[in-house]
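Participant: Just need the whole structure built from these sequences, with the hints factored in.
Protein chains: 2
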Amino acid sequence: MNNSFTIGGQIVDLVNSRIFSGVVVVENGKISKIEEKAVGNTRYIMPGFVDAHVHIESSMLVPSEFARLASCHGTVATVSDPHEIANVLGKEGVRYMIDNGKKVPFKFFFGAPSCVPATAFETAGASLNASDIEELMASDDIYYLSEMMNYPGVIFDDREVMEKIASAKRYGKPIDGHAPAVTGPDLQKYVSAGITTDHECFRLEGALEKIGLGMKILVREGSAAKNFDALIPLMATHPDKLMFCSDDKHPDELDDGHIDVLVRKAIALGYNVLDVLKAASLNAVKHYKLNVGMLQLGDDADFIVVDDLHSPVARQTYIRGVLVAENGVSNIKYKETETPNRFEAHFLYADDLFVPDEGKRIKVIECFDGQLITKSFFAEPKVENGGIVSDVERDILKLVVVNRYKPTKPAVAFIKNFGLQRGALASSVAHDSHNIVAVGVTDNDILHAVNLLIEHGGGVTAYCNTEMVAVPLPVAGLMSNEDGYEVAAAYQNADALAKRLGSKLFAPFMTLSFMALLVIPELKLSDKGLFDVKQFGFISVFKE
Amino acid sequence: MNNSFTIGGQIVDLVNSRIFSGVVVVENGKISKIEEKAVGNTRYIMPGFVDAHVHIESSMLVPSEFARLASCHGTVATVSDPHEIANVLGKEGVRYMIDNGKKVPFKFFFGAPSCVPATAFETAGASLNASDIEELMASDDIYYLSEMMNYPGVIFDDREVMEKIASAKRYGKPIDGHAPAVTGPDLQKYVSAGITTDHECFRLEGALEKIGLGMKILVREGSAAKNFDALIPLMATHPDKLMFCSDDKHPDELDDGHIDVLVRKAIALGYNVLDVLKAASLNAVKHYKLNVGMLQLGDDADFIVVDDLHSPVARQTYIRGVLVAENGVSNIKYKETETPNRFEAHFLYADDLFVPDEGKRIKVIECFDGQLITKSFFAEPKVENGGIVSDVERDILKLVVVNRYKPTKPAVAFIKNFGLQRGALASSVAHDSHNIVAVGVTDNDILHAVNLLIEHGGGVTAYCNTEMVAVPLPVAGLMSNEDGYEVAAAYQNADALAKRLGSKLFAPFMTLSFMALLVIPELKLSDKGLFDVKQFGFISVFKE
Numbered sequence: 238m239n240n241s242f243t244i245g246g247q248i249v250d251l252v253n254s255r256i257f258s259g260v261v262v263v264e265n266g267k268i269s270k271i272e273e274k275a276v277g278n279t280r281y282i283m284p285g286f287v288d289a290h291v292h293i294e295s296s297m298l299v300p301s302e303f304a305r306l307a308s309c310h311g312t313v314a315t316v317s318d319p320h321e322i323a324n325v326l327g328k329e330g331v332r333y334m335i336d337n338g339k340k341v342p343f344k345f346f347f348g349a350p351s352c353v354p355a356t357a358f359e360t361a362g363a364s365l366n367a368s369d370i371e372e373l374m375a376s377d378d379i380y381y382l383s384e385m386m387n388y389p390g391v392i393f394d395d396r397e398v399m400e401k402i403a404s405a406k407r408y409g410k411p412i413d414g415h416a417p418a419v420t421g422p423d424l425q426k427y428v429s430a431g432i433t434t435d436h437e438c439f440r441l442e443g444a445l446e447k448i449g450l451g452m453k454i455l456v457r458e459g460s461a462a463k464n465f466d467a468l469i470p471l472m473a474t475h476p477d478k479l480m481f482c483s484d485d486k487h488p489d490e491l492d493d494g495h496i497d498v499l500v501r502k503a504i505a506l507g508y509n510v511l512d513v514l515k516a517a518s519l520n521a522v523k524h525y526k527l528n529v530g531m532l533q534l535g536d537d538a539d540f541i542v543v544d545d546l547h548s549p550v551a552r553q554t555y556i557r558g559v560l561v562a563e564n565g566v567s568n569i570k571y572k573e574t575e576t577p578n579r580f581e582a583h584f585l586y587a588d589d590l591f592v593p594d595e596g597k598r599i600k601v602i603e604c605f606d607g608q609l610i611t612k613s614f615f616a617e618p619k620v621e622n623g624g625i626v627s628d629v630e631r632d633i634l635k636l637v638v639v640n641r642y643k644p645t646k647p648a649v650a651f652i653k654n655f656g657l658q659r660g661a662l663a664s665s666v667a668h669d670s671h672n673i674v675a676v677g678v679t680d681n682d683i684l685h686a687v688n689l690l691i692e693h694g695g696g697v698t699a700y701c702n703t704e705m706v707a708v709p710l711p712v713a714g715l716m717s718n719e720d721g722y723e724v725a726a727a728y729q730n731a732d733a734l735a736k737r738l739g740s741k742l743f744a745p746f747m748t749l750s751f752m753a754l755l756v757i758p759e760l761k762l763s764d765k766g767l768f769d770v771k772q773f774g775f776i777s778v779f780k781e
Numbered sequence: 238m239n240n241s242f243t244i245g246g247q248i249v250d251l252v253n254s255r256i257f258s259g260v261v262v263v264e265n266g267k268i269s270k271i272e273e274k275a276v277g278n279t280r281y282i283m284p285g286f287v288d289a290h291v292h293i294e295s296s297m298l299v300p301s302e303f304a305r306l307a308s309c310h311g312t313v314a315t316v317s318d319p320h321e322i323a324n325v326l327g328k329e330g331v332r333y334m335i336d337n338g339k340k341v342p343f344k345f346f347f348g349a350p351s352c353v354p355a356t357a358f359e360t361a362g363a364s365l366n367a368s369d370i371e372e373l374m375a376s377d378d379i380y381y382l383s384e385m386m387n388y389p390g391v392i393f394d395d396r397e398v399m400e401k402i403a404s405a406k407r408y409g410k411p412i413d414g415h416a417p418a419v420t421g422p423d424l425q426k427y428v429s430a431g432i433t434t435d436h437e438c439f440r441l442e443g444a445l446e447k448i449g450l451g452m453k454i455l456v457r458e459g460s461a462a463k464n465f466d467a468l469i470p471l472m473a474t475h476p477d478k479l480m481f482c483s484d485d486k487h488p489d490e491l492d493d494g495h496i497d498v499l500v501r502k503a504i505a506l507g508y509n510v511l512d513v514l515k516a517a518s519l520n521a522v523k524h525y526k527l528n529v530g531m532l533q534l535g536d537d538a539d540f541i542v543v544d545d546l547h548s549p550v551a552r553q554t555y556i557r558g559v560l561v562a563e564n565g566v567s568n569i570k571y572k573e574t575e576t577p578n579r580f581e582a583h584f585l586y587a588d589d590l591f592v593p594d595e596g597k598r599i600k601v602i603e604c605f606d607g608q609l610i611t612k613s614f615f616a617e618p619k620v621e622n623g624g625i626v627s628d629v630e631r632d633i634l635k636l637v638v639v640n641r642y643k644p645t646k647p648a649v650a651f652i653k654n655f656g657l658q659r660g661a662l663a664s665s666v667a668h669d670s671h672n673i674v675a676v677g678v679t680d681n682d683i684l685h686a687v688n689l690l691i692e693h694g695g696g697v698t699a700y701c702n703t704e705m706v707a708v709p710l711p712v713a714g715l716m717s718n719e720d721g722y723e724v725a726a727a728y729q730n731a732d733a734l735a736k737r738l739g740s741k742l743f744a745p746f747m748t749l750s751f752m753a754l755l756v757i758p759e760l761k762l763s764d765k766g767l768f769d770v771k772q773f774g775f776i777s778v779f780k781e
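Those protein sequence lines, which keep their order, are chains A and B. If you want my numbering, it's the 1-based position in the first sequence plus 237. If you want my numbering, it's the 1-based position in the second sequence plus 237.
Please note that the accuracy of each hint is not assured.
Claimed, not checked - Pulled a few chain A residues facing chain B out of the computed Cβ check, cut under 7 Å:
(1) Thr703
(2) Met705
(3) Ser717
(4) Glu719
(5) Glu723
(6) Ala727
(7) Ile776
(8) Val778
Think of the hints as simulated: they come from the structure by calculation, not from any bench. Note that the coordinates shown come from a computational prediction; the quantities given were computed from them, not determined experimentally. Backbone N, C-alpha and C fix where the C-beta goes; we use that ideal spot for every residue, glycine too.
Facilitator: Printed below as a string of structure tokens:
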């Protein structure tokens, strides 16, 4: 591909907040000349979009494939936290993401995951201590310390946590926050430690408090959390403080759109076009000091071409002067890649799921569509042959978490609202330790779904008597090493079967993947047992 | 359910070729009174539909589930040849179909399969010799000798064949034909042996010759062969000689419609309504002497209720006075059933599929969409590491047939026109011996698809790196023992993946299932090797 050329149109200059008619000359991937003059072309040339916070792993695609899908939507760069793969493979996983991302013409800016493992109450595949973080921070490939979820650690001056923060400061790299419900003096302490962003706001009030303390707010709209509607009013009052991000984006949804969707939505709501475009690019570039071109002389030629300024759809996406996508078709070629993994689970047997009836009521996890939080209640168990079984009529199903890092007896609990009428689902995407999480209407269905998953070294599976679907994710049990568009179709197929099995959830596998996430209240299941997030400790399945 | 009641409307009396206003009294499942009188109701009460020739097995449903789906479309009875299960399980299979069919209020009339195995050039699971046929014919549960495909045997007075025919005659039971291209003196010999029907006509000319010799013609429109358009003109000239049948009906298509579709289509073309309705019921009932009610005094109360005589859609279906279906919803309950099978294949290994290059051209099977016939041609092989591999660019893929009755090295050949761009498909529905047939773009994909199938004791599977779908068919490797509507959805899912893998065929699994059918020209693959139907013998994959 030739990356020396001239292109003319209406040039959107976000740095100087103006739009002018002119010509851009690109030589060797950089902008060598910008000439302001009348041109016959009414198309707009504007900076490409930046996803200011996204876990690439959630797309189930390796970075090189993520790039293919995202660049079709005008995305040229991401600020990415390899938190998921780090929980499985540690530093080796972080390195894999960096190396894989370099195979393609796309700009990945990775951070060092600050909280691996997420808690001490679960089995992860790896951990990153303060000296690991120091080592990562020293690398030119690491751009920031990523989401500091351990806000108690910050507030109470946990030594290890403070050392990680000190490392980031030593190298002059920003520190990302993650503080959904932190407020008042705790928040002041959290911010004063040097944490400068938050992407977990879900109400204006909390966001305004954080902005008041100097934080930047990432407006998040992904496959999991959706905060755009709640936070977009900040565009009128604090546009310079905002960035757009997706956090988690499933492959089928990434195929449908990315940051461009937020841009069009915000412009359609009447917000200032330049403010919106800055939130979609310049603000992140400035905050994280990203080497992403902003259509300035000498910049990398990273930009997109759109027909309609007020509803920008990327007709062409250029990165370092390379036309990486045109009219929705990627020019990036699929790259072969390795499949590093850590997967030592053994096949389950029926005995493993047996929960003897103790004549007591059971504590049931209640999940909610589209939410990471759960509640809990006590219920009479359904008993068969002395064992507690799934109760389809009351929609109280068996939930299982299986340690995937070494053969261990699985943890078994019960969950309300999954809605399955038959069959079972299993996933090795299970935040944050990514053990195997499964739910099903009979022990036999659960066994089949889990064992099918184990057979493939990870992935998502749906099983019932009449059919089964498996989507293997051999890279850390989180990502496929195959073509991203095919993975999107495969995931959609698994999702469709999950719904055919009776689940009314918007994204059954996503909800499932958060049922082992111990840092979000109220009741979750780790591979080690039922976990009460408020007490921050294990509790019995039975009412004492 | 109460099966004594009175129902009024416009009564369609096919026996006497008239329609009159009146009331039907049903007592204990039989018609105890018919009163001709004015009624306020304009709905039509007419005999239910009869599928005059269908292999239930092709629906992938056991008879008790087939009944649920078919009765919703106004079907009350089928004339059914258990040919497929007989090839796997012999008499035991025939008995299974009869017993299973009796579990539900639906009228199955089974025949004795005349040609099991279909040829001596393949490995079937069982055989039915003349004394087996004699034993079956003696049973009250067997209504006819089913499709005599071995027309050379009839024409040349093969002793075994003639004994089977003699058995049927001895018990006064009809003998069904299957003589697609037989004509002239051969046809005369075939008919004079006592064979009275044919369902293989695809041109008016051949059908008229057969009618001239006294045969009845079954107008067939199923998932595989579609002859309605070619043969329906006979409705104007020879309505009494016609019956409607489907022969093979996949579960998803059975869910969409059955004989009722042919009825509506024929009436819409302008043929006489009573003639069409007779072809859909009375003609088969008379020919096969079926105990199916025709709305005559003393008959079983088998009938349907429709709103529009000229576009009949079954609002209600009654069998022996039981309301088995209403407004598309079945009142028949799902029944548990056993899963008899014969499945002794071992997992395949890569070596099993290796075809050493001999420096010669290869003979390629050319398949065609929607056709059972194939052609052949010679091609240069694609060679890798000394072995011949699938050539996706030229769409020449490896085709494999694996003996499922005992562990044996598979037969490997090559096929054009399957269109797969990636992955592999496998099926244990593989006419007529129902070994495992598979096609794929790499040996590895084929291995996975076949082994996934073997793991489940039969079924259909689609496999690729990004996903896999399996539909287990544990009853003889041909049918599911589960809910028919779920099986329909599962099959549709496998079909969708086959198409996503690149196949442009209308029904990839159906085409695949006929690639081992040795009685249809020109080149096929048995578990024992490449088979030239014209020479009726094995030939080499290589050009000699």
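Participant: With chain B as the partner, please determine if Glu719(A) meets the hint condition of a C-beta pair closer than 7 Å.
Facilitator: Cβ of Glu719(A) sits 5 Å from chain B, so the hint holds.
Participant: Identify whether the interface hint at Glu723(A) stands, where standing means a beta carbon of chain B within less than 7 Å of its own.
Facilitator: 5 Å, holds
Participant: Given a cut of 7 Å on the nearest C-beta pair, is the interface hint for Met705(A) held or broken against chain B?
Facilitator: 5 Å, holds
Participant: Verify the interface restraint on Ala727(A): the C-beta must sit less than 7 Å from at least one C-beta of chain B.
Facilitator: 3 Å, holds
Participant: Does Thr703(A) pass the interface hint, meaning its C-beta sits closer than 7 Å to a C-beta of chain B?
Facilitator: 4 Å, holds
Participant: Using the nearest Cβ pair, does Val778(A) come within less than 7 Å of chain B?
Facilitator: Violated: closest Cβ of chain B sits about 32 Å from Val778(A), beyond 7 Å.
Participant: Using 7 Å as the Cβ threshold, decide whether Ser717(A) counts as touching chain B.
Facilitator: Given a least distance of 6 Å, the restraint on Ser717(A) holds.
Participant: For the restraint on Ile776(A), tell me whether the closest CB of chain B is nearer than 7 Å.
Facilitator: 38 Å, violated
The structure is inconsistent with the numbered hints 7 and 8, although it conforms to all the rest.
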